[in-house]
Structure formats: C-alpha cells, structure tokens
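K.L.:
Chain by chain, the residues run as shown.
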Amino acid sequence: MSTIKKEMRMKKLENFMSSFRSNTMGMLGGGILIFFIVVSLLGPLLFPFNPLEFGTAGNALQPPSLSHPLGTDNLGRDVFRNLLAGGRVSLMVGILATVISMFLGTAVGLISGFIGKKTDIILMRITDFFLVLPWLPLVLILAAILGTSVWNIILVIGVTSWAGTARVVRSQTLSLKERPFIERIRAIGADDKTIIVRHILPNVFPLVFANTILITAVAILSETTLSFLGLGDTTRASWGMMLHYAFQSGAASSGAYWYFLPPGIAVVLVVLAFTFLGYAFDEILNPKLKRR
Amino acid sequence: MDNKEKIVSVKDLRVTFEIKQSFLQDLFSKKQKIVKAVDRVSLDIHRGEIVSLVGESGSGKTTLGKAILNLVPTASGEILFNGTPINFKHKKEVQAFRQKAQMIFQDPYQSLDPKSLILDAVAEPLEVNHLVKTAEERRERTIKALEDSGLAPGANYLYRYPYELSGGQRQRVAIAGSVILDPDFIVADEPVSMLDVSVRSGILKLLLELKESRQLSFLFITHDLSLAWLISDRIAIMYLGKIVEIGSADAITKSSVHPYTQALLSIMPIPEVHRNRERNVLQGEIPDPTEVPKGCRFNTRCEHAFQRCFEEEPGYTTISSDHQVACHLATEVKHD
Amino acid sequence: MSLLTINHLKTYFDIKAGTVKAVDDVSLSLDYGESLGLVGESGCGKTTTALSINNLLPAEGRIVSGEILLEGRNLANLSESEIKKVRWNEVSMIFQGAMNAMNPVMRIGDQIAEAIILHKKVSQKEAMNQVKSLFELVELEPSRVRNYPHEFSGGMKQRAMIAMALACDPKLVIGDEPTTALDVMVQAQILNLLDKLRKELNMGIILITHDLSILGETCDKIAVMYAGKIVETGSVEDIYDNHFHPYTYKLLTAFPNIHKERVMPEAIEGTPPDLVHPPSGCRFHPRCPYAKAICQETEPAMTEANPGHSYACHFGGVYHG
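Chains as they are written, first to last, in my numbering: chain X, 1 to 292; chain W, 1 to 336; chain F, 1 to 321.
Treat the hints as calculated values from the structure; they're not laboratory data.
Heads up, some of the hints might be wrong.
[Said to hold, decoys possible] Simulated DEER-style distance windows between Cβ atoms:
#1 X/L13 x W/K133: 46 to 56 Å
#2 W/V281 x F/P307: 27 to 37 Å
#3 W/Y163 x X/S18: 56 to 66 Å
#4 F/A305 x W/V281: 29 to 39 Å
#5 F/Y148 x W/Y163: 27 to 37 Å
#6 F/E136 x X/V132: 50 to 60 Å
#7 F/Y148 x X/W135: 51 to 61 Å
#8 F/E200 x W/T16: 36 to 46 Å
#9 W/S193 x F/A305: 33 to 43 Å
#10 X/V132 x W/L80: 44 to 54 Å
#11 X/L269 x W/K133: 49 to 59 Å
#12 X/L174 x W/N82: 29 to 39 Å
#13 X/V132 x W/G83: 16 to 26 Å
[Claimed, not checked] Covered, in the sense of this in silico footprint (three residues per stretch, anywhere, with C-beta under 8 Å from a C-beta of chain W), are these stretches of chain X:
#14 167 to 181
#15 190 to 197
[What the hints assert, rightly or not] With a straight-line cut-off of 16 Å between C-alpha atoms, the simulated EDC-like cross-links for lysine to aspartate or glutamate are:
#16 W/K205 x F/E269
#17 W/K89 x X/D191
#18 W/K254 x F/E261
Ideal Cβ placement from N, Cα and C applies to all residues, glycine included.
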C-alpha cells in the first residue's frame, strides 16, 4: 500500500515539475536561485575567503584585474572571493529566518483561526502588535540587546516577520473551518488537533508555501539591510556587510564600483529569483490564478 | 409502532441562535435578536424506521438533525439515544456515541476533504476512534464499506481524489465513510438534492438496502415531499421550528389535515400535465424567524385562519394512532 | 412569423483537451407568448444554447454554423456592436444564481435602474419610476426599491431579477434554472409569476431546467436535450403522455409520482458522455436499455410523430410494449 502512495507522490511531483517547466517566471527564478546556491556552496571551497585576512594597504580598492576579477576592497581583500562567501551567509540567514517565521506564523494562524474565541482574540492582539511595530527600531533594539551574531540576526528577523503569515493563515483557516467537510470530520468524532493537522493544514499548505518563498526574499533583504546598517555579524562575510564596508570606506564616492555593485546586484538577483518562484508556485498551486 | 424500541427520543427540544448584529444595530436596538430554530420539538424514531423531516428553509429541520447528533448546542429539552441522554461529559462517551450515530451531508462536492484520498476519507472514522490496528485491516474494511455503498471493485477507488469522481460517486463515498463504523442510526441531510435527477434513485435505493441489511434507522431530512413519501415510514412536516404534522407516509400524503401540508401536497411538481390543477400556492413567504407570529405561526399565510389561531398556539391533536397535527382546525373538527 | 427560430445551431468550445461539441445541430422554435421548456441533465448543452442566442458565450465558445432567427433576423451573424442592441432590449436572461450575484453595496432599485439607463437613455428619476412599476409587475412592493440585496429573501431577489430582465420590454426572456435554489413554495410562486407575465406581456419564455416535473403546468412546448442534441420535442402533452424517445421516458420515470404507486424510480445507468469525443451513432446508445447495433452505427434523424412533435430514435416508442 505504501508503494502505491509512493508512486502517487512521484506522479504528483512529475505533474508539478511539468507545470513548473512551462512557467517562464518559475524557470527563470529557479535558474537564478540554483546558480546562486551552487556558487555559494562550491565557490568558497574553490576560492576560500577569510575575512580576517587583510591584504596590504597598497592593495586596497584596486580595480578588477586578472588576479582579482572583481578588484579588492578597502582592506585589500579579494572582492570576488568575498562575494562567493557572502552568498552562503545571506542565503542561510534568509532561509533559516523564514523557517522560524513560517512555523510561528502558521502555528499561530491555525490555532487562532480554528479555536477562535478568547484564544483568537489574544493571539490576534499579539499578532497585531508585531505587525504594526516599526521594524527597524525594534530590530535595532533587539540587536543592541542580543548582540550581532548571525544566530541573533536569524532570530530577530524570524520574530519580526511571522505576523503577516499568521494573519494570512488565519483567514484561510477561518474560511476552511466553515466548509462542510470539516463538519463531517467533526461528526466522525475527530478532535480539534486532528482536524487542524490532518485537514486544515494540507488545505492551507499551498498558500503557506507560496507565502514562504516570498518571505524568504524579504528575509534576505532584511539581513542585507541590517548588515548594511552595521548590525550584521562582523565575523562573517555577507553581501550586506560588503555593502556596509563599501559605503563606510567611501567606495561610492571614490568610484570603486567593483566593491559595492557586485553585492548589490547579487542581492537583487536572489530576491528577484525568490519573488519569481513565489509567483510561479502561487500560480501552479492555485490554478484559479492562472492567466487565461 | 409504539411497542418498537425507540432509538432516538427527542423531548421538548429548543435550539436557539443569536443573530450577529452590526455595531449600529447593537447600539440602537434594545434586545438581542434570537432565532428559535427548533421551538419545542418532540420526536421519536424507532429502530429500523425511516422518519423524514420535511420543510422549507428556515423550518429548522437541519438544525434538529444536527442537534440529535450533538453537533449544535441546545437551549433546553432532552435528547435520548438508546435511552441515554446525549449530553456527555467525557470524550470516550462522545466517541462511542459518534460511532453509533452518523451523518450524511447534503453537498457531495463539499463534504469530502479535497486533499484526502478516498482511502483516507473513508478510513478516517476508524482511525479517529482507534478501531484499527494494521494497515491491512484498514484497507480491507475500507474496501468493504465502499463496495457496500455500491462502489465496486472498492480497490479501484482507494487511491483517487474526490475531484476525480462524479457527484453520485462522491455521495457514495460519504455514505461509505458513515457505514464503516457500523452505526445504528444515520441522519441524512438532503442527501440527493444536489445530484442529478437520474442519479438520485440509485442513492435512495442504497439507503434502503443499508436499512435492511444493517438494521439502520434513518432521519431523512428533505424539502421534497415526494422523496419523503417514497422512502419513509413516517413523515414529520416542519414549519418555522415546529413540527406541525406527523404521521405515516400514507396518512400525510392521503389524509393530511394541516393547511401547510395540504398546500405542499397541492403544489408538488409531478410529471403529468395538469393544466388546471388546483394548486394552493401560498401567498407571501416564511416569516422572519426572529419574529415568530403570535398564536399559530402559520397564521400569516393560512386561508383558514380564524380568531383562535391568532391568540393561541395549537397543541397536538391525535387524528389516529400514528397521525398527529398541531392545528386548531383539527380540534374544531373533532368537536363536531 | 414565429418569434424565435433556431435552425441547426452548432456551438463548440475550444479547450486544451480538444473541441467540445456542446451544441451539435439544435433546432427549435418559439412563438410570441409561448413558453418552451429546455430540459436535460447537466452538461447537455441547454445553457450553451441559451447563451448562443445573445452571444454571451465565453472566449472559448463560438457559433460554428446555423441560424438564430429572432423575428426573421439572424442573430448569429451580428457583430458585437449590433448584438449589444439586441441584448436586454429584445432578448433578456435570468441567469442561474443571478440572485446571488447582485452588488451587495448598491440598492436593488439602483441596480435595475442602471440596466434601464444603459439601454433606454432616460433620466435617473424616470428610470426609478419604471423600476417601481416593474416591482409592481413582479409583485414586490414599490417602496422596497430602496432595499439592499441582503434585506431581500431568496424569492424576493429572484423577483427582482425578473424585474431586471423585463426592464427593457423584451420580446423573449430566457430563464436559466430560475427556481433551482428556491424553496418549493417559492418555486411555485415564481413559476406562476412567469406564467402570468408571459400572458400579460405576450413574451416568449424559454425555461431551462434539469427538473422535468416543474414544466407540467408552465410550458406549452418542451425540448429534451441530451449530449448537445435535441432528442425529442413537442407540446407538453406530447412529451408527458405520448413520448417516443427512451431518454424522455427515463427522465419522466425518474420522478416519484404521488398519485401513482409507491415505487422507486429507475436510475439512468452510466454518466453523461464526453462531448469532445461523443459516442458514435446515437449519443444515448451507451446508456439506453433498448439499444441495438444500428444505434451505435447510425445517428438517428428526427422523425415526425405528428405536427410539432418529433424525436430522434431508431426505435421510437420501443418501450411502449
């Protein structure tokens, strides 16, 4: 029996992949993302980068050359290698922070929407609180209190971005809750927990998944912003840190485009990739949204 | 009939809902609007019997059906299942009750989880109640339930999704999901009203077969009096939360007393040409359920209404051993 | 000259899976003040036929061939701008579920007035007056033009929809399942109303439904459709009492008849066919208990039983005994 289920899952995956292949946005986004993931994983292995290893003063802010394809930064470090290493951090922070945000947001949304009454009121007030809190001041304060390690950054971004998901999941749960098939499951004798996990969650999942992809884009951008503002983890290379140092060292005014352009473009491309993927998944998983 | 064992006994049941008002309405109106969905209803269902609950929207028939299964909260009155009240405290008691009393819903397009395989949908009652131990047993019992519901070979349906099946097939899946627990009593809420006419009799035949083979009792909820006539032993006519007439299928269709029943019978569509058939198409519509008319609630549309009908709510008059009616006309007739 | 004559209409839909032959050679006619019931299971093409008249087909649909003659004028040939003048002015429609498609934040009277102003170019005040008289016509209180949709019951909303359909004094009104979602009593009221209006205004009415039993008192003629084709057409007496096609017989016996024996009606075996690849020969043959070899090979032509009564079956009346 489980082999039949396995076959069905394979078939579903095949169907999904073929719809995906015909979706240009998705393919583009997927392509860019795969490129960056491969580069981030292999790059630092082939071209290792140590942020604490400075070059000589004379080597600072050199334009691209054969030995340094993207030039050097203000401390004489190779920008190209920095870029490769930075990908890892940006992607890792983005993905992990999103995982936290998604779990928290989905759990709160499901429980709040399904159980309703007092629980819903309390949870929604908390959600609203996080929703309207000015993000930047909050993040600054948290960073100041918790410190600027990469794990704290992941935590901070996760904690400040779950509220949107919670709201979205809650509305979907509210509407699903009234559907006749849920009434039927109740009539069979299922308890709340079973209903939420077995029936509400799978029906909410397409929404959550598409939402997650988009939040990942936001999370990567958030990390970049934080680092740019100087709140990032200084012990690790990240695109945001590169931008931070680039501006700090006056690379913009001195025309050292090779320093700030590459990380900027990298962030834009990755965020774009996730956004395209998010739209593509939304279209595929919610066929009603397909353009005629 | 009275000597037969009662499987369900409803006594003086009241189910009310509050209407959610807008903020402004709340501010300006004095009292909370209440809908008396079920207004002091008593009903007995005997073992092996099919009782139909017939009424239009707002009659309270679906609410009554759900109340009997403990799916909506009740305001007052008593519901007994196999002699025991159903206001259970413990989860185990509730679960045991649910195994014996099941429901079939109206909309086959909405009553199955679109993301669940048929196997999972039908087997779920077993899992939720911890009635199966092995995957093999689960599969076997599901196949049997599907085949008992007319979907054979059952194995072919296990790994399909609801969207792959027609309305009639989906309804059979829903029925399979209900009978797999081997219940004693089923509430069928308009089980065929959303199906094509040509498919209906198949489902109705199935319900009758299940009644015979498994000694099931049914509460059949419908707005279609002709279906009720076809399938039931007894019919109860509901209007605005009250049973206005109840009797055997023959008594109701051949010798009804209540003007509402008679009006329903006269307008019933039949596949015959009756150009000048006497149809008593009632004027107006069912009154606002938050403002039930004083006296007999049918007085706003009844052509026979007289003084008493506007002052006093009629009690039940017994016409014969299995025929009761709530109408002042009946008592007048009796006194003649 | 009859009000409406449809000659050999073919309306197909182009979808990914192929071409759906939704309406495949349908002919019918309707006179002024006459009412025709178009009946069949879901997917048989009855709604598509109705939508073809006013060319309200979705993008994938197109009229392939045939004529739709309204007072002699072929509507199938008209351009979009020409048919716009026909829509609502001459042919209007009560859509399935329309009563639930009203704008919830606009007063009912205003919504109907909108339709009037669009077609008749009168002032708002004049339009409202017309709406009030329309309300009287459909047995609604004129003062209720100021109500919002949520303040109307199902039956009242449907009356409002009928009022909207009558707004421009059409010659032909098409009701697509106008009573399906309504209570039996309200259903009877609405059918009575349509009948009254038809006689008063001498309108032609086409009633589309899957429920053959409601047509007994309200229609003059009935056309039974199956899989995009008309299988039998005739007066309501012909269809009920003297039918020839097995499908008509099956449809009629699917309803319990309280005046007769208490017997479970027979279901119709099988499911409606795929209209991209319809069955060969007679489209009903896979589900017909009387089918023979010829039914699979040759499509039956329309045979006239008597004037105005035709059916398409090789063995018409076979089940009569």
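K.L.:
Which hint numbers doesn't this structure obey?
P.N.:
Hints 1, 3, 7 and 13 are the ones this structure does not satisfy, whereas the remaining hints hold.
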